[in-house]
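K.L.:
Protein chains in written order, with the numbering used here: chain G, 5 to 222; chain S, 346 to 588.
Keep in mind that a hint or two might mislead.
[Claimed, not checked] Label pairs and their computed distance ranges (CB to CB):
#1 Glu483/S / Val61/G: 38 to 46 Å
#2 Ser486/S / Leu207/G: 52 to 60 Å
#3 Asp476/S / Arg210/G: 49 to 57 Å
#4 Arg210/G / Asp516/S: 39 to 47 Å
#5 Phe360/S / Leu202/G: 50 to 58 Å
#6 Leu207/G / Asn457/S: 42 to 50 Å
#7 Lys348/S / Phe65/G: 52 to 60 Å
#8 Ala114/G / Asp516/S: 28 to 36 Å
#9 Gly361/S / Ala114/G: 22 to 30 Å
#10 Asn362/S / Gly35/G: 31 to 39 Å
#11 Asp417/S / Val61/G: 27 to 35 Å
#12 Asn362/S / Pro83/G: 51 to 59 Å
#13 Phe94/G / Thr441/S: 40 to 48 Å
#14 Asn362/S / Phe94/G: 49 to 57 Å
[Claimed, not checked] Dumping the calculated DSSO-like pairs for lysine-lysine here, alpha-carbon to alpha-carbon at most 30 Å:
#15 Lys415/S / Lys53/G
#16 Lys53/G / Lys452/S
#17 Lys477/S / Lys466/S
#18 Lys218/G / Lys477/S
Just so you know, these hints were derived from the structure itself, not from any lab. Ideal placement from N, C-alpha and C gives every residue a C-beta, glycine not left out.
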Amino acid sequence: MDLNFDLIASSFPLLLAGAAITVEITALSVGFGLLIGCMVGIARLCNVKALRYLANVYVDFIRGTPLLVQIFLVYFALPGITGSRVDPFFAAISACSINSGAYIAEIFRAGIQSIDNGQMEAGRSLGMTWAQTMRYIIMPQAFKRIIPPLGNEFIAMLKDSSLVSVIGFEELTRRGQLIIARTYASFEIWMCVALIYLVMVFLVARFVAVLERKFETK
Amino acid sequence: MTKDMIQITNLHKSFGNLHVLRGVNLTIAEQEVLVIIGPSGCGKSTLLRCMNFLEEPTGGTVAIDGVVLKNDASINEVRKEVGMVFQRFNLFPHMTVMQNLMLAPMKVRGVNAKEAEETAKKYLEKVGMADKANAYPEQLSGGQQQRVAIARALCMKPKVMLFDEPTSALDPEMINEVLDVMKTLAHEGMTMVVVTHEMGFAREVGDRVIFLSEGNILEEGTPDEIFFHAKEERTQSFLSKIL
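Model the full structure from these sequences, guided by the hints.
P.N.:
Here is the structure:
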């Protein structure tokens with residue numbers, strides 16, 4: 005088969021611009037997800053029953069439903085309640101952040117629980133509060149251990165963010181669809197899209213490996 | 346007459362159906378060194394851990410220097426005054442020795458960094474670890490880690506020190522360096538409660554030994570009375586196995 009190299013060359017900048025948006029969504033979502041996940045992960049371990057219950061419900065609901073359905077819920081179902089249209093960018097970021105937050109909460113919970121209980125006891129026996137011990141003793145140690153799974157979550161979100169193309173948000177996958185709709189060059193464009201994802205994931209994986217090594221020596 | 350530092354009244358502790366402590370009554374005077382011995386599972390560690398509420402008793406009361414321990418924010422006030430040394434050291438591995446020692450005084454007592462560092466240096470000197478101030482715990486031997494752990498507890502300037510089998514996790518050649526630090530403390534008048542089977546330590550600095558069996562104090566007396574003239578058969582049979 006003949007590949008249309010002119011088309012690839014002319015489409016590539018458009019796709020790269022889409023890739024930049026993919027990175028933006030992913031970074032924002034995982035960033036907010038980190039904030040949510042840190043709080044929810046700690047809430048799942050605290051001794052306030054109501055907080056623990058709420059955190060469990062949140063994690064169960066998000067992990068129990070597909071991201072695609074969550075995106076539809078925010079984009080199509082939410083306007084039914086609020087009465088006003090939801091901006092696609094807002095819908096994409098909030099759905100992905102809320103989704104990521106649940107998975108990151110589990111990463112935090114597992115990381116915190118992997119720290120020997122003697123550390124909490126040592127902190128408390130010195131008169132530090134539970135929160136102080138968490139902040140100065142437990143979290144810094146847990147953080148080192150959660151870098152690899154956090155890297156995985158970032159990579160997963162990088163790829164899963166392609167789902168926001170269904171609400172017309174123009175990230176990498178949606179750009180590819182639009183170019184194909186105009187040119188019918190499915191093979192060339194999807195190969196380019198796949199290649200760009202592959203390179204992005206590779207770079208993230210390398211970056212995580214460097215981070216891991218940096219924290220290890222400390 | 347010296348005052349009471351720790352007062353334990355009718356202390357009970359259960360873990361589910363397991364009734365570990367069964368109505369312990371115990372008073373420890375200021376500057377007293379009390380050694381707790383007893384077979385594995387008799388509740389020695391649990392009793393010690395109830396003295397700073399790392400275990401919350403199921404019944405009865407513990408009072409430190411007249412303050413009855415309660416499971417609320419007030420417990421942090423009491424814990425400032427009660428240092429604890431663990432079998433497994435529990436140093437903070439992500440911090441240097443110096444940072445280990447400075448953290449609690451700064452965060453809990455609110456002293457400034459300079460003062461915390463001076464105090465830390467003083468106690469590191471005392472336990473013979475001044476040259477390791479910038480080392481990380483994993484770079485130290487077990488005996489060195491335990492001495493740092495003792496210094497860390499001392500930096501809070503506690504009124505009481507609790508030791509939970511402080512030499513059980515150590516290689517034999519390191520036991521004495523830790524015991525020597527503890528002996529120095531005892532000679533300086535620190536109130537100490539020590540769970541240990543180190544008879545030499547008990548005889549040299551212990552004021553009183555209690556033998557704990559099945560969740561209660563079976564026998565108590567001076568170290569010589571307990572180690573060489575135990576009245577109870579169970580105490581004798583236990584001692585014959587460890588001595």
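K.L.:
Are the hints correct? Go through all of them and say.
P.N.:
Going through the hints against the structure:
1. The hinted window of 38 to 46 Å between Glu483/S and Val61/G holds, with their beta carbons roughly 40 Å apart.
2. About 43 Å separates the C-beta atoms of Ser486/S and Leu207/G, a value inconsistent with the hinted range of 52 to 60 Å.
3. The given range of 49 to 57 Å is broken by Asp476/S and Arg210/G, whose C-beta atoms sit roughly 40 Å from each other.
4. Look at Arg210/G against Asp516/S: about 42 Å separates their beta carbons, and that is inside 39 to 47 Å.
5. In this structure, Phe360/S and Leu202/G meet the distance hint of 50 to 58 Å, their C-beta atoms being roughly 54 Å apart.
6. Checking the proposed 42 to 50 Å range against Leu207/G and Asn457/S shows it holds: the Cβ atoms sit about 45 Å from each other.
7. Against the hinted window of 52 to 60 Å, the Cβ-Cβ separation of Lys348/S and Phe65/G comes to about 58 Å, which satisfies the hint.
8. Against the hinted window of 28 to 36 Å, the Cβ-Cβ separation of Ala114/G and Asp516/S comes to about 33 Å, which satisfies the hint.
9. The hinted range of 22 to 30 Å is satisfied by Gly361/S and Ala114/G, whose Cβ atoms lie roughly 26 Å apart.
10. Judged by the Cβ atoms, the range 31 to 39 Å given for Asn362/S and Gly35/G is violated: they are separated by roughly 48 Å.
11. Between Asp417/S and Val61/G the beta carbons are some 28 Å apart, a value that agrees with the proposed interval 27 to 35 Å.
12. The given range of 51 to 59 Å is respected by Asn362/S and Pro83/G, whose C-beta atoms sit roughly 56 Å from each other.
13. Here the CB-CB span from Phe94/G to Thr441/S is close to 46 Å, well matched to the stated 40 to 48 Å.
14. Between Asn362/S and Phe94/G the CB atoms are about 55 Å apart, so this pair conforms to the stated range of 49 to 57 Å.
15. For the given pair, Lys415/S sits about 20 Å from Lys53/G by alpha-carbon distance, which is consistent with the 30 Å threshold.
16. Note on Lys53/G and Lys452/S: the hinted pairing holds, with a Cα-Cα distance of about 27 Å set against a maximum of 30 Å.
17. A distance of roughly 10 Å separates the Cα atoms of Lys477/S and Lys466/S; the hinted pair therefore holds under the 30 Å criterion.
18. Distance hint between Lys218/G and Lys477/S is fulfilled; the C-alpha atoms sit about 24 Å from each other, no more than 30 Å.
The structure shown violates the earlier hints numbered 2, 3 and 10.
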